[in-house]
Structure formats: structure tokens, C-alpha cells
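Number of protein chains: 4
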Amino acid sequence: MKLVKHLKVQKGMNVSELVQEMQGVGFGAGDIAKASLIMDEMFKDKNCRVFFGVAGAMVPAGMKEVIMDLLDETDVFVTTGANLTHDLIEALGENHYIGDKLVSDEELNDEGIDRIYNVFMKNEVYEKLEDFFEKNFDKLRECKTIKDFLWKIGELSQGKGILKKCWEKKIPVFCPGISDSGIGMMMWGRNVKSKFKTNIDVFADINDIVDISWTSKKTGVIYVGGGLPKNFIQQSMQFSKGADYGIQITTDRPEPGGSSGAPLKEGISWGKMKKTGKFVDVFCDATIALPLIFASIRK
Amino acid sequence: MKLVKHLKVQKGMNVSELVQEMQGVGFGAGDIAKASLIMDEMFKDKNCRVFFGVAGAMVPAGMKEVIMDLLDETDVFVTTGANLTHDLIEALGENHYIGDKLVSDEELNDEGIDRIYNVFMKNEVYEKLEDFFEKNFDKLRECKTIKDFLWKIGELSQGKGILKKCWEKKIPVFCPGISDSGIGMMMWGRNVKSKFKTNIDVFADINDIVDISWTSKKTGVIYVGGGLPKNFIQQSMQFSKGADYGIQITTDRPEPGGSSGAPLKEGISWGKMKKTGKFVDVFCDATIALPLIFASIRK
Amino acid sequence: MKLVKHLKVQKGMNVSELVQEMQGVGFGAGDIAKASLIMDEMFKDKNCRVFFGVAGAMVPAGMKEVIMDLLDETDVFVTTGANLTHDLIEALGENHYIGDKLVSDEELNDEGIDRIYNVFMKNEVYEKLEDFFEKNFDKLRECKTIKDFLWKIGELSQGKGILKKCWEKKIPVFCPGISDSGIGMMMWGRNVKSKFKTNIDVFADINDIVDISWTSKKTGVIYVGGGLPKNFIQQSMQFSKGADYGIQITTDRPEPGGSSGAPLKEGISWGKMKKTGKFVDVFCDATIALPLIFASIRK
Amino acid sequence: MKLVKHLKVQKGMNVSELVQEMQGVGFGAGDIAKASLIMDEMFKDKNCRVFFGVAGAMVPAGMKEVIMDLLDETDVFVTTGANLTHDLIEALGENHYIGDKLVSDEELNDEGIDRIYNVFMKNEVYEKLEDFFEKNFDKLRECKTIKDFLWKIGELSQGKGILKKCWEKKIPVFCPGISDSGIGMMMWGRNVKSKFKTNIDVFADINDIVDISWTSKKTGVIYVGGGLPKNFIQQSMQFSKGADYGIQITTDRPEPGGSSGAPLKEGISWGKMKKTGKFVDVFCDATIALPLIFASIRK
Chain P
379 MKLVKHLKVQ KGMNVSELVQ EMQGVGFGAG DIAKASLIMD EMFKDKNCRV
429 FFGVAGAMVP AGMKEVIMDL LDETDVFVTT GANLTHDLIE ALGENHYIGD
479 KLVSDEELND EGIDRIYNVF MKNEVYEKLE DFFEKNFDKL RECKTIKDFL
529 WKIGELSQGK GILKKCWEKK IPVFCPGISD SGIGMMMWGR NVKSKFKTNI
579 DVFADINDIV DISWTSKKTG VIYVGGGLPK NFIQQSMQFS KGADYGIQIT
629 TDRPEPGGSS GAPLKEGISW GKMKKTGKFV DVFCDATIAL PLIFASIRK
Chain X
379 MKLVKHLKVQ KGMNVSELVQ EMQGVGFGAG DIAKASLIMD EMFKDKNCRV
429 FFGVAGAMVP AGMKEVIMDL LDETDVFVTT GANLTHDLIE ALGENHYIGD
479 KLVSDEELND EGIDRIYNVF MKNEVYEKLE DFFEKNFDKL RECKTIKDFL
529 WKIGELSQGK GILKKCWEKK IPVFCPGISD SGIGMMMWGR NVKSKFKTNI
579 DVFADINDIV DISWTSKKTG VIYVGGGLPK NFIQQSMQFS KGADYGIQIT
629 TDRPEPGGSS GAPLKEGISW GKMKKTGKFV DVFCDATIAL PLIFASIRK
Chain Z
379 MKLVKHLKVQ KGMNVSELVQ EMQGVGFGAG DIAKASLIMD EMFKDKNCRV
429 FFGVAGAMVP AGMKEVIMDL LDETDVFVTT GANLTHDLIE ALGENHYIGD
479 KLVSDEELND EGIDRIYNVF MKNEVYEKLE DFFEKNFDKL RECKTIKDFL
529 WKIGELSQGK GILKKCWEKK IPVFCPGISD SGIGMMMWGR NVKSKFKTNI
579 DVFADINDIV DISWTSKKTG VIYVGGGLPK NFIQQSMQFS KGADYGIQIT
629 TDRPEPGGSS GAPLKEGISW GKMKKTGKFV DVFCDATIAL PLIFASIRK
Chain G
379 MKLVKHLKVQ KGMNVSELVQ EMQGVGFGAG DIAKASLIMD EMFKDKNCRV
429 FFGVAGAMVP AGMKEVIMDL LDETDVFVTT GANLTHDLIE ALGENHYIGD
479 KLVSDEELND EGIDRIYNVF MKNEVYEKLE DFFEKNFDKL RECKTIKDFL
529 WKIGELSQGK GILKKCWEKK IPVFCPGISD SGIGMMMWGR NVKSKFKTNI
579 DVFADINDIV DISWTSKKTG VIYVGGGLPK NFIQQSMQFS KGADYGIQIT
629 TDRPEPGGSS GAPLKEGISW GKMKKTGKFV DVFCDATIAL PLIFASIRK
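Residue numbers (the working numbering), protein chains in the order written: chain P, 379 to 677; chain X, 379 to 677; chain Z, 379 to 677; chain G, 379 to 677.
No lab work stands behind these hints, which were simulated from the structure alone.
Treat the hints with caution; some may be incorrect.
Just so you know, same-sequence chains aren't split out, so a pair can sit in one copy or run between any two.
As the list claims (entries may be wrong) - Here are the computed lysine-lysine pairs in the DSS-like style, where the Cα-Cα straight-line distance is at most 30 Å:
#1 Lys653 - Lys500
#2 Lys530 - Lys656
#3 Lys383 - Lys500
#4 Lys513 - Lys643
#5 Lys643 - Lys506
#6 Lys571 - Lys386
#7 Lys422 - Lys656
#8 Lys619 - Lys422
#9 Lys547 - Lys595
If you're wondering where the values come from, they're calculated on a predicted model, not measured in any experiment.
Assemble the whole structure, with the sequences as input and the hints as a guide.
In C-alpha cells form, the structure reads like this:
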């Protein structure tokens, strides 16, 4: 036990100073401070490979740049098909919008606008997606793993974005639920129309992520929002004898037993987190916590 | 607006009487009552195909029989690889246990016990899984879709369970995230050792679910816990011109923008829920709400 | 650890049978079952005095009858001023209504309707409240404790309700935050206009609740929603050497450190819960959990 | 609708720069940015009186200095008896500690340590509290309102703190639930022993807060955690014709209908929030959100 040191706000203080002040306090702020220390140590540890899992609508919400900057420190990236679809939509020149969460969904539908809480997108963006996949189907259907397929999208898309960066930097990117997304729907559409079809075995990517985990001296995990990205990394952690570092940001409850709300320490029972691991669960909206933690270590 | 009619508890009342009393009240109880009415109407509507999506650790928690009974009313079932792995584990004769949520994860690990909140499982169950997949790999690797692969598991496993029932009753069962599970790991292990490998195209199942949605006169959706199961059904709903009925049970928050916490009405903007659809969001642990709602319509 | 026994829904099953089935499962349903067993034991224990604390808008929501029935088993009742104001409003012949939670607050305001999530009330009810307090001010201002003041309201009001029952059955009813309510505002209004003023010492009621706690052989606590009612009971529990039984129903998170979300076991550190106490935290909307638990023991 | 502008983390950026970046994004971060703008405008508006309500264990957690700095901008302060008790405990020279949330409550009890999530306090601090109230009872029992009583504590206590500052700066401080706290228990103890007793009418303070609200040209409200502090301010807002500005920070759910989780816009129906008011609900642990928002306007 250490003394509570009351947080003091100073004029013009920078983010790392604020988060340093949070070290002295309890509850959520203390967890932010702990996450900052762990992220800093994880990134500086040359023997540690970082596995970064992102669920939730982080790209539509405006977290694309934060994720892209974090990719510079990331060895394995796992996310949802939705995030990658929205990343590609932006890479193709389309946009997302912020608005009023109280707007009528009936009116939105009439106007051809799709809603994600208070983020909006014109439904017509799917036409550009169609064009992209129509044009590039022959190259995409050659891929044999989801990772290669995603890299190929990154290579073929024009604008910058997460997939472009993963391809450029050869960061392994996994998306076990890729069929559950706009990208999946596009590929289905092409498969239906084409004589030649895709042939990406559903289990093929496991080999890659297990191999990276297996050959790591140390591992660190960062989970935003849980879901498949968390679990897919978690199951690979058994091959690294458990993660050495862990940061989880989620607002899901632990009581109903879902993986997204499960505290990291449960991973110890499964051998997915080391008993000596340094880890923290941050109960906070990730659009607040992730930039705050990341900015605090960018001194 | 209708008058609040205070709920009255009667001695020995049955579940449908209790839930009927909930019709007169506000907040969560009113939503349970509404879900009961919608489920009843959805199941009785001969023109309606029911899409049932289950995320979260429902099988380990003890909801297997409830899910199996609900499958009698279900036209399409979508779930996580974890639920199917735990279903298979039980079909192979192994068990789950309830215990104290405050137990030490370090001690559990020493004893070879895996934990899901207050549900526990011996890690040695994976040996039986290994045997099953070792023995049946040749048959399983022939499958070309995840659905056929899951039906094959159902056919080959001895004990009763969800997959067995889906196979017996030919209920289409989808699991877009199957690689993210113990079953996925087992198949990876066999693929590594075998000269012959699986060849299940990751996009292949979309065709089946879209086709069922497309050919439905009416559709109803039941979502437990969100996640991939919800989203995979949601994306198929566009082909049914939106669901006519909807029940969502989740404890996730809407504010952070994830699909699992998104209210059903957001689906209207996307064309995944009909403007005239009857739907309700139930904010409740599904192990409480699902049996309660289901029991209320089993008069 | 005991074996998970999958919950089985039977046709026409009654509530106690359903909750009995929940004994075999994990997560929230298991907690409901545990709460049922504890409530049953608590109520049957002749040496145990039951302290029942209710926060949240339970009366407007339609839980008045459930609370009144539970008062038959209650030795001390603590609630918010809001609940008692809404109880009195109904006792004076006014009503609450259920409606659509998506209605516009601007329109409600134009129509003179006040909203509590999806429960509504005409603002004009306050006129009847005014009449009641105007007419009875002379009797009410004589009271020297909040408990006596509340009993007096119960005596003077015509219709049935919580306060009427507390007065009739002489159940001690505490409301430390009474000034924070419509009743409080009414008394302020009369105090302003009258030469004679109220004289209810703010600390006076502590004596009564501590005395009851102090002289109890055993104590049991039931908390709905936390808040002042929980804490006011908790602080008296130290004088009973800690509660022997405890049921808490809340949806508040523990992480931000508030009393409403704090698990009952924290009370052990303070000496407010016995180390050997039987207690359970139920994470559930109280309008669902409270009737469900209570109905399960009314065989 | 405005374009999502992806948040960009810069090296060494200060807090106001980070929060400014949050203006371009959705979900929680956008709400933080909005709260920052509203707080800035509220504080700069010379015609606006600021009503600041704080529930939750903010003082034990380490938010005392933040609250004290915010008091410089505050016209009315409302909080819980718990916060004021812990403030006084520190003013008397005692401390709080941060530790491991997984520690055993049984062991803590053996060691005489009280726990609030991951914040701890020696139970022996109550001895100093006893001394303080024993020594000063004669002066304290003279007070006729809770506000005067709290100012008197501020005057009589040695160390700095919230009550000391409220007294020094003559900031009206209200605590309608004062009897529900360590301070309340101490006063009860003295009342029991003394021939002369306190005489603080429970309704007396309403006059003061209504009067301040009534005479305000404009009003702004800041709610941390809901509870009595929120509601006590809310009921006074009707006399200001509704608040012009509002910031609410809470992690409570709206669905179960409690005041703490109710969105600010519900206040419009009641006439507690102006239709033209600028307000935002921030779903976040207040130990994170409050310093972040406050630091962002301290340029």
C-alpha cells in the first residue's frame, strides 16, 4: 500500500504530466497510469513482441491515426472485419461523419445514411467498395491466407490507412472474422459472379500467429474492446508460455462471463498470461483511454 | 402511454404469470415482458424464419439445454467457436464446474484448471478433443464450408449437444470465427501434422446464410451478447429487407459504439431492421433473461 | 466446485422451479438462485432482523406492490425521498404511465409531463401534493424525527401505499435524504409561508436505526440500487457486529469506487458484513431481479 | 454532421491539445471534448452560477485537489457525507492508501483496515474524528443548517481541505445526506452523551439553495456520479428556469431508471434543464474524466 497523492492539475500541463499525477490515485485514473507504465515498458523491451487486438468501431470513430501510430510498435495486429472495411472505405476516398446520437434511424434510412452510435456514413460508399473488389478480384482470389489477402488489399488500395501500413511495414495482420464484414460481403459477391473462386482456408492463419508467439522471447498484449481480436491473440499466447505484459481497455462487464469483459488475470489460469506478468484492466471507453495512454508515453 | 400497473407477486405463480405482470411496469422488467410477447409472436409466425445468434460463454455457464430447446424454433444458428468447443467437450463426456469467483488464478493454473468467471474446466479435457480430431481428421478435412464442417462434428460426436442437434435436425449452423477456438486449434494441429490439409474457404458460408435470408418471407432475430454472431446475422438481414422481429439481450454499453452494445433500432438506418419491425433491447445477463423469457412462452 | 447442471425449461414451470434450475448454472443466473436461497433463509430465521434499502425509481416503475409485500418481512425500511414522494402521489390518487423511451423531452415539457426513462407523470400531480401538505402542515411540523414525520404522512394519506403500510404496521422507515425530494420541497414551501416551522433534527434518526441494529441477535440486509439507503443501513451494521445475510441488486460498476457498485464483501473489511455471512451481489436491473427472487420463495 | 477528423497524438502534446483533437471524433472522446468546451464557456460566463455536485468516493481516491481547484469556479457545492468525512479525516492529519484490489477483506478486517475498492484507510482514524467532535461539539451543536454546520467544521479543522476552503471562501456547501456518514455518526455519538443536543432542521438548507438558484441570471451544473448531490441540485434548477449548461460524468446505466444514470436531457421534461441548454453526458470513471476535462481548460 502506498499513500494516496492527490492529483493536481497544473496550467498547460502535458499529457504525460497528467498521467504521471494519476499514479498517485485510485480507481480508474490509477489504472490509466499503470497502463501508461506498462505500455512504455512493453514498447521499450527489445525482447518483447507486441500483439495488438482491436475490436469495436475504432476506425469510424476517428482512431485510425492512433492505431496507425501504435502499429509502429506492433508485431502482430488483429482486428475485426468491420474496422478493416471502414479503413478501406477511407482509403478509397470516402468519409465518416459525427452527428447527433438522437437522430431518427427511420430518417437516416430514408436518406441512405448508416449509423454507428453518433458516427455516420453514406450507404453509397459501398459502390466504391464494389468497384475496388470488382477491379482487383483476380489478384485477391489468389491469396491463400487471410493475412495475405489483407496485405494484398493494402497493396492495391490507393490512400493511406491501416491495411496500407500493415502491407508496407509487413506487419502481420489477422482477421479471423473477415467473412463477417463488408469486405466479406464484397468477396462473396465476386465469388457468386466469377467462375474462379477464392480459396482461403479458414484455419490457415493460425499457423502464422502461433509461430510468431512460439518464437517470441517475451510477449505483450494490448486489447481494445475484446471480441475475436482478443481471443485470437489469447489462444496464441499459450505458445509463448503466457504474456509478460498486458493492457486491456473495455467497458464490458465481467459478471456475464464473456471474453470481452474477462479480466486479464483470468488468463493466468489458462496459461495465457504469466503469473509474473505486468498487466492492467482499464475500464474506459477506448476512444478516451487509448489516446490518453499513448500520448502519455510520447514524450 | 399506458397506466403503470404495479407488479404483484402471487404464491406459486408460474413464470408466464410473472412475466405477464411485468407488462405493466417500466425499465428492465417491461423489456422482459416485451421480449416475451415478441418471441411468442415470432415463433408462431409461420412465415418467419428465426435467426438465433449466441455469443458469450453460454454453454460453459449451463445454458446448453435452453439453447437446444430454442433450436427447435430456429432456422439459422450462429455462435462462437468457444461455445461450440465447450459443447463438443461435453459431448465427449467432459464437464464444466461452478465455483468461487474469488479463487486465485495462480492456484487454478497450478491445478490445471481453466476459468471463465465462476465456471471452471480441467485443462486435460483438451486431450479428449485431440483424440476426437485425430481420429476424425480425414472426414473433417473433406468439408468445404464451416457449416458442413460443424455438421460433420455433430455427426461424428457421440453425446448429445448443440452440434449433434444441428446435424440431426439439419439446422444451418454458422461460426465465422471458428479458427478462434479450441476447435480451430485442433484443426491447425492436424493440418500441421498431416500431408492432406483442410480446404474450407473463409467466404463460403456467406452464400448459405444470404440465401436463407433472401428467400424468407419474414425474418426474426434473437441476439445473445452481440459479437460476431449478431453481426453475421445482421449483414444477412439486408437481403431480407430487414428483420420483422428482434430480441437482443446484452449488458454491453451503447456509448462506446461497438456492435454488441448497439440498440436494434440502429439496424433501421442500415436496412437490417424493418421500420415496422417489432423489437426490444433487453439489458440483462443472458443467463437470467433468456431462460426467463423462454419459460414465459412455454405455457 | 460442483458440476454445472444445465438449466432446463419445462412447460408451465413456476417461478420457484425456474430459480431452482438456476442453482446449477454460472454467472448471473447462479447469483439469482443464491439470492433466492439467502432471502428464504433470512426471512425464516426468527432471530434475524431484516434491513431493506431501496434506491432508484422503484415506485414509479411499478414495484410498489413488491416492496409492500416485502415489508411484511422487513424490520427496517430505508429509501429515497423520490420513492416516497411517488408513493404519496399514488396514495393521493395520481398515477404513473409507461411509454416510449425515445420520446422528445422538449415535447414532454410542452405537455407538462415529467419523465423517468420510460415512465411518465403529469407535472400537475404536484398540485395535489401541495394541497396535502398545506392541509396537514400543522400535524407534520410537530414531528421530531424523519421516521415519525414519514409515519405521520402514512397516517394522514388516504390511499394505500408504502408509507401507509409502514405506519399501520409500525415498520421503522428512514429516509436520510428526505430534503432531496418533492416531499422536501413541499415542506420547504410550507416553512417559508408559515410562522411555525419544522424542527426535525437531521441526526435524530440515527439513534433509532443504531438501536435496532444494536439489539438484533442477527441481521440481514437487502439492497436495491445502493445509494443512501444502502449506506445508511451499512453504517448501522457495525453495531450488529456485521450482517449475517446480504443481498445486493445493482447494475453499478465496482471499478469507480462508489458505494452503490461496491460488492458486499467489501463490508467485511469495515465490520459491516460478518466474515461468516451469507451474501450475494446480483448484477441485474432490480425490476427484473427483485420480483424474480421474491416470487421464487413464495411457494 | 461534420467530418470525422482522426485524432493524432503528437509528442509532448499538452492536455488541451489532446482534448482539442478529441473534438473531431465520435463516442466517448467526442463527449470529453464537448464537456471541455462547455466547462470553459460555463466558467467564463459571468452571468452563470455554477452548481457542482460530487457523489462517489472522490476524496479517498485522490481527487481532493481537483475538487478544491474547481471550487474556485463554483457557486454552490453539494456532496455526500462520505466525501466530507474523508476530507475531514485528511484535514485532521490522517491518510488514505492505494493498494491491490484483490486483497482479502477478511485479512483487512483483521488488520483494522477499511477498503473502498483499491483505496484503504486505517480504522483507527475514527479516534481522531471522535476527538475532534468531542472537543468541538459545543460549537457545532449551535448550527441551525447543515451548510452552517459544515462551514463550522471547516473553520474548526486545522489542515486544508474542501470544508476549510468552503468556509474560507464562503462557498455554500450542502450535504442533504449528512446523517449518512462518519460525521453523522460522530454527531449522533455526542448527542447521545450530551444533555444539549443538535437542532439542525432537515429542511432548512433547501431555502438557501433555492434562493441562489432563483436569483441566478444563468445556471450551470456539473455532476460527478449522480446520487443525492445531483438530485438536490436538479430540484433547485426548476427555480432558475432550467440550467443553461450541464456536464454529467457517470458510469451508471440509464436503463434501470435511477437518477444517477439518467441523461441530462431528461431534465428538460422536468424544466430542470433549458431546451436551449448546452449539455453533455460523459460515460467515464470520474477520476479519469474530471482531471482530463479540467486540465484541458487550464491553458
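(request) Pop the pair Lys383 and Lys500 into one bin, within, between, both or neither, using alpha-carbon distances up to 30 Å. (result) Classified as between: cross-chain Cα gap 16 Å, same-chain 49 Å, threshold 30 Å.
(message) One pair to classify: Lys422 and Lys656, alpha carbons no more than 30 Å apart. Within, between, both, or neither?
(response) Within one copy only: 14 Å inside a chain, 44 Å across chains, cut-off 30 Å.
(message) One pair to classify: Lys643 and Lys506, alpha carbons no more than 30 Å apart. Within, between, both, or neither?
(response) between (44 Å within a copy, 26 Å between copies)
(request) Indicate which option fits the pair Lys571, Lys386 if close means a Cα-Cα distance not exceeding 30 Å: within, between, both or neither. (result) Cα proximity of Lys571 and Lys386: none, with 63 Å in one copy and 41 Å across.
(request) Tell me, please, which holds for Lys530 and Lys656 at an alpha-carbon limit of 30 Å: within, between, both or neither? (result) This pair counts as neither: shortest intra-copy Cα distance 36 Å, inter-copy 42 Å.
(message) As a check of your reading, is Lys653 near Lys500 (CA-CA no more than 30 Å) within one copy, between copies, both or neither?
(response) Classified as between; 19 Å across copies, 48 Å inside a copy.
(message) With identical chains, the pair Lys547 and Lys595 could be close in the same copy or across copies; at 30 Å between alpha carbons, which is it: within, between, both, or neither?
(response) within (21 Å within a copy, 48 Å between copies)
(request) Since the copies are identical, ignore which copy is meant and state whether Lys619 and Lys422 lie within 30 Å (CA to CA) inside a copy, between copies, both or neither. (result) Within one copy only: 20 Å inside, 51 Å across.
(message) Please sort Lys513 with Lys643 into within, between, both or neither, judging by C-alpha distance up to 30 Å.
(response) neither (47 Å within a copy, 35 Å between copies)
Of the numbered hints given earlier, the model fails hints 2, 4 and 6; all others are met.
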